[in-house]
Amino acid sequence: MASETIFFLILAFSIVVSSLLVVTLRNPIHSALSLVSTMLMMAGVYALLNAPFLAVIQVMVYAGAIMVLFLFVIMLLNLGDDELGERRFTLSKFITAGGAIFLFGAVAFGITTLGSGEPGSPQTAYPGLSRLVAVPGADEVACSEARAGVEGDHCEEVWVGGQEGRAAGTYDAASKTWRPAPELARSVALWERFGTVEWVGRSIFGKWVFLFEVTGVLLLAAVIGAVVIAKRRL
Amino acid sequence: MEGSVPLEWYLILSAAIFAIGGVGVLLRRNAIILFMCIELMLNAVNLTFLAFSRYRTGALGALDLDGHVMSFFVIALAAAEAAVGLAIILSIFRHRRHINVDDGNLLKN
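For the record, the sequence lines run as chains W and L. Everything in the first sequence is counted per our numbering, starting at 320 for the first residue and increasing by one. Everything in the second sequence is counted per our numbering, starting at 124 for the first residue and increasing by one.
Rather than coming from a laboratory, the hints here were simulated on the basis of the structure. A couple of the hints might just be wrong.
To be verified - To spell it out: a stretch of chain L is covered by chain W in this simulated footprint if at least three of its residues, at any positions, have a beta carbon under 8 Å from a beta carbon of chain W; those stretches are:
| no. | stretch |
| --- | --- |
| 1 | 146-158 |
| 2 | 162-168 |
| 3 | 188-202 |
For each residue, glycine too, the CB sits at the ideal point set by N, CA and C.
Work the whole structure out from these sequences, hints included.
Encoded structure:
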C-alpha cells in the first residue's frame, strides 16, 4: 500500500471516531477537546491533499483561535450537572440517528456510483467526474484517455505527474510507458506550486479580490455585532 | 506515489463527517455543542472543496486553486459565525441561567 493510503486510512478512522466523540460526550469541555483533535487531524488530511497553506490556517484559526473561544465561553458559563440535564434516550433520537445513517449511505452510494465508471452509471451525465483521476507520481506518465497502448500508438494528450501542461505523445512498448513531447518536460513543476501560500494568495488577491474585501466587511460587522450582543442584556 | 487515494474516499470521509455533525445538530440540546457540530459540518465542506481542487488540477494539468480560496473564505466565515454565536449564547445564559436550545423561545409569538 502506498504511504498516502496508509496515512489517509489512519487519519480517516481517527477523525470519524473523534467526531463521534464530539457528538456523544456529555461534558462540553470533553466535546471541545475532541473537536480540537478532529481539527488537527483534518489539517493532516489537508496536507495529504497538497494544501499546506490551508492546513496551517486550519491549525491556527480553527484549532487555535476558534476553539480557544469555545473553551473560554464554556469555562465562563461553568455549567453544572443540573444545567447539563439528564441523559435521555428517546425514540426520536434513534430515528434521527437512523435517518442520518441512511442519508450517509445514500450519499456514499451516489459518490461511488458516480466515480466507478461502470456502464449505465450517471457519469455519462457528468463526464467531468470520470476524468478526475488520482494524481500520478513524479515519474509516472499517463494518457488522458486512460487506455492501454501498443507500439507507436498516438495519444493527443499525455501528461507527466509533477509537470504542468499537456502535449501529444507516443507509446513506447519497450518501456511500457507514454513518451511525452519535449515541450511538456520543459514546463514548470505543477505540484510544487499547488496549494502554496504564493499561489493561493495570487488567486485570492487576483481573481477573488472582491470576495476578499467583502469578507473583511463581514468580519468587521461580526465583531461589532458580537460586542453589542455580549454587552447588553437581552 | 502510485496507488494514490481515489477521490471517492475523500468524498465519503467528508460525507461521514457531515452526517455526524448533522446528527449532533439534531440531537444535542446544549447550544455550545450544537455550534461545535456546525463547525464539524463546515470542515466536511472544506474537505470536499480541497479534494475536488486537487483532483481537478490533476485532471486539467493546470493550477485550479478556486477550491482552496473557497475553503479560506469558509474558515473566515466560521470565525465570524463563532464570535456572534458565542456572544448570543453568553447573552442567553445571563438571561435564563441555562443554554438549552429547546427552551429558547424569546422570539416566539
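- Query: Which numbered hints are broken by the structure, listed smallest first?
  - Reply: none
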